[in-house]
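Engineer: Listed here are the chains, written in short residue letters.
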Amino acid sequence: METHLSPEHKDTSDGKLAESILRKCVHCGFCNATCPTYQLLGDENDGPRGRIYLMKQMLEGNDVEEKTLLHLDRCLTCRSCETTCPSGVEYSKLLEVGRKVAEEKIQRPTQQLRLRKILRKTLPNSERFKMLVKSGQLFKPFLPKSLKKKIPERSTPSAWPTSQHTRKMLILDGCVQPAIRPQTNSAAANVLDKLGVSVIKADKAGCCGAVSLHLSAEEEALAAMKRNIDAWWPEIEAGAEAIIMTASGCGVTVKEYAHHLRDDVEYAEKAQRVSDLTKDIAEILLAEEDISSATTPKTLAWHPPCTLQHGQKITGVVEALLTKAGHTLVPVQDQHLCCGSAGTYSILQTDISQQLQVNKLKHLTANKPEMIVTANIGCQTHLQEDADIPVIHWIELFTD
Amino acid sequence: MPSSDQTITTIIATLGEFLSSDQLLTSEEELRPYECDGLSAYKRVPLAVTLPNTIEEVQKIMRICSARNIPVVARGAGTGLSGGALPDENGIILGLSRFNQILEIDEENQLARVQPGVRNLAISQAAAPYELFYAPDPSSQIACSIGGNVAENSGGVHSLKYGLTVHNVHAITIITSDGDLVTMGSAALDRAGYDLLGLMTGSEGMLGIIVEIVVRLLPKPKETVVLLAAFNSNSEAASAVAAIIGAGIIPAGLEMMDKLSIQAAEDFAHAGYPTDAEAILLCELDGSSIQVVEEKDRVTELFKSHNATSVQTATTAEEQARLWAGRKSAFPAVGRISPDYYCMDGTIPRMELPAVLDKISDLSTIYDLRVANVFHAGDGNLHPLILYDANNPGEFDRAEEFGSEILKTCVDAGGTITGEHGVGSEKIDQMCYQFSDDELEFFHAIKDAFDPKGYLNPGKAVPTLHRCAELGQMHVHNGELPHPDIPRF
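Quick mapping for you: the protein sequence lines, in order, are chains A and B.
The numbering of the first sequence is our numbering, which starts it at 1 and goes up by one.
The numbering of the second sequence is our numbering, which starts it at 1 and goes up by one.
Careful, some of the hints might be misleading.
With a straight-line Cα cutoff of 27 Å, these simulated DSSO-like cross-link-like pairs (lysine-lysine) come out [unchecked claim]:
| # | chain 1 | residue 1 | chain 2 | residue 2 |
| --- | --- | --- | --- | --- |
| 1 | A | Lys130 | A | Lys226 |
| 2 | A | Lys24 | A | Lys105 |
| 3 | A | Lys16 | B | Lys43 |
| 4 | A | Lys67 | B | Lys43 |
| 5 | A | Lys149 | A | Lys134 |
| 6 | B | Lys296 | A | Lys24 |
| 7 | B | Lys43 | A | Lys105 |
| 8 | A | Lys194 | A | Lys324 |
| 9 | B | Lys296 | B | Lys222 |
| 10 | A | Lys16 | A | Lys226 |
| 11 | A | Lys150 | A | Lys168 |
| 12 | A | Lys130 | A | Lys148 |
| 13 | A | Lys134 | A | Lys148 |
| 14 | A | Lys201 | A | Lys121 |
| 15 | B | Lys304 | A | Lys24 |
| 16 | A | Lys121 | A | Lys100 |
| 17 | A | Lys10 | B | Lys304 |
| 18 | B | Lys161 | B | Lys304 |
Rather than coming from a laboratory, the hints here were simulated on the basis of the structure.
Because the structure is a prediction, the values reported are computed rather than measured.
Between the sequences and the hints, there should be enough to build the whole structure, so can you do that?
Structural biologist: Here it is as structure tokens:
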């Protein structure tokens, strides 16, 4: 596509990146076909091709107002368009630049700013978030129905294995998962313990940076990334084989640390090493041969998170592991579409998020599964809010 | 005629009485993404974009615009490649993307009743549980809308055997230029009276607005195989095409790709194409088991006797889907090897394929622009993609001139200037080359009968005689006419 970036952006690192991505787009419109928001809203401005156009105009120095910000905000960053795009347009990287520039040029209303700040201060802080969830659980009986369904059930994780193996892998605890569903990581640790691998948590590691990144707080995101790299580095040097992710939303972000820190003299190399070592738990198990069969095979509906199938391009792996273990997967229509969770999206864009969740649950439950399995805490809680059957991380099925 | 600011304000206010803010776009930033369709080299910003939800809203919009003679340009998924949905600066876009419901799959009568904004592929997906499919499958079938397919009379890989859109549509409901609702055609195959449905199909949004379509579904064939043959030259592959058709075989699809397109498509789809081949042919054969086996053997023999360097057979649905995925994504995949491309669409008699491909290759040297060929070889429908860089001043003009030469070559070889993409804005000048004044006058008489005010997609598809006369007399330099400000439509 023809581009004429304005002098303001032409020679910056972000500007050059944006231009190289824009030039790959040939405006064919294939992306709109698999874009959840375009399918719902039918406006070119709410599909990837239109958003690319909006960003191009902005970077070319045209006047932008709140409409550009609105349509960029409505993007789920599910990256379904990247899977569909034959030309190889790296849309999400362009969007990151576009959102950053839009935030600089367009003033958000105070109310929006306040909400975004609250999210940035609560979600990535796992202690603060834990306290919030605990008090929510305590007062749950007194809460209105709409709020009640957002509070997860209290749960107790299985004990962390104590045996020490020579094979070691790091695991990211993340920010919201320890409060909502601590079982997921203890399940992963126990499964790997049986396979002769010790799973280590680095105490000082925390949020992967995705929350800040999605809310266009780049500096904050980069600080979180560096903190995690520092927390993991001693174990990496001591020979940890991998950094395991049990939330694909975090996984996709950590796998891109190398991209985010590419211009950082001190961290670029370390970030590359961390990104290379980062694996989704499915990728780890795929390489291990001795996986036990399920004692009670179940009929499951599999919901592949966008961050797994479009972000990390991992498809067919979890399906193969579950089938191999003896479970049955029911067919699910429109499996490529987002469930509407998308990080903070479910809080900031409630209408679209709700519509996507309703559609997703309809398709997931159409063939009467016993439970829904997924691979990301965000999707899990979002779907569980209105699902009549349990929604869990698939790894928990391997601890039977 | 340019509208005055007051007229624009009045029109927008009137539309705003029944359209919500997300159905009526008027800000510059939101209008820009509508300034072009799939042919992004042609751009014009409309006055407004309307996104109606109901037929009644479409009727109201039409009546308002008709009364004030405001041009209305219909738009489906915006994937057209001839600028058919290019806006008019003084008009509005009528976007039909929200008409995206499949209203009925009639298994017994093998019909689907759908809204115009439904994606082509979605029809076949909805029909799949009944072992049925919708045959015309443009490469953009994942995204293009059925309304756009009818407006452009689109074809696709399977048109060789199963026909174009016009052969697969039973009925359409349109809104006339007066805002009335009229249905043309019926569930039956033959109809009394003039074939208005045939006339509407391919009329490029100039005679009415389509709001509902009944398409024919076909039973999925019992057996299908796909053959992939590699060749050392385009002309050997082209000769093999002529030989297959000459032998009385009608494949379900017979497609050719040259080296550049093979490499670009393979990079995206990982289809397993031989990237060292100069050309490949993809040949799909379907029907009963006996027929498919027999034809497969004959086609394989023909490939070999035309110097195919290898022939692969894909028998499973997965293998076949992978081979077609490369072909169907080939146009945009070319974005990997060139920042821009100009997709041509001309049709020639099959026997002329080797000579015309040679001529295109010569032109490529003269204009100093690369060409990737990927096309429906079986029905002689060429799609040369001229690769250029829009950021280099003058390169698109050169590409346009080159394209024009290709189309003239097609006409001279006994073919036409379009196979399935329509004329739109892009090929309007070449219409002067293809048709005589008498024929063009006849087209204008049809337009006048349906749209006497001429406000539906004005200036597309059929050039005025005046424009043709000027083109005949004037030297066209860099694709620009002298005094471009003088209205010529």
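Engineer: If a hint holds in the structure, say so; if it doesn't, say that too.
Structural biologist: Verification of the hints:
1. Lys130(A) - Lys226(A): holds, 23 Å
2. Lys24(A) - Lys105(A): At roughly 25 Å apart (the allowed maximum being 27 Å), lysine 105(A) and lysine 24(A) satisfy the hint.
3. Lys16(A) - Lys43(B): holds, 25 Å
4. Lys67(A) - Lys43(B): holds, 21 Å
5. Lys149(A) - Lys134(A): Roughly 14 Å between the alpha carbons, so the hint for lysine 149(A) and lysine 134(A) holds.
6. Lys296(B) - Lys24(A): The hint is violated at about 39 Å.
7. Lys43(B) - Lys105(A): holds, 26 Å
8. Lys194(A) - Lys324(A): holds, 18 Å
9. Lys296(B) - Lys222(B): holds, 15 Å
10. Lys16(A) - Lys226(A): holds, 24 Å
11. Lys150(A) - Lys168(A): violated, 36 Å
12. Lys130(A) - Lys148(A): holds, 16 Å
13. Lys134(A) - Lys148(A): holds, 13 Å
14. Lys201(A) - Lys121(A): Holds, because 23 Å separates the two Cα atoms, which is no more than 27 Å.
15. Lys304(B) - Lys24(A): Measuring from Cα to Cα gives roughly 38 Å; hence the hint is violated.
16. Lys121(A) - Lys100(A): holds, 19 Å
17. Lys10(A) - Lys304(B): violated, 54 Å
18. Lys161(B) - Lys304(B): Answer holds: lysine 161(B) to lysine 304(B) is near 23 Å, not above 27 Å.
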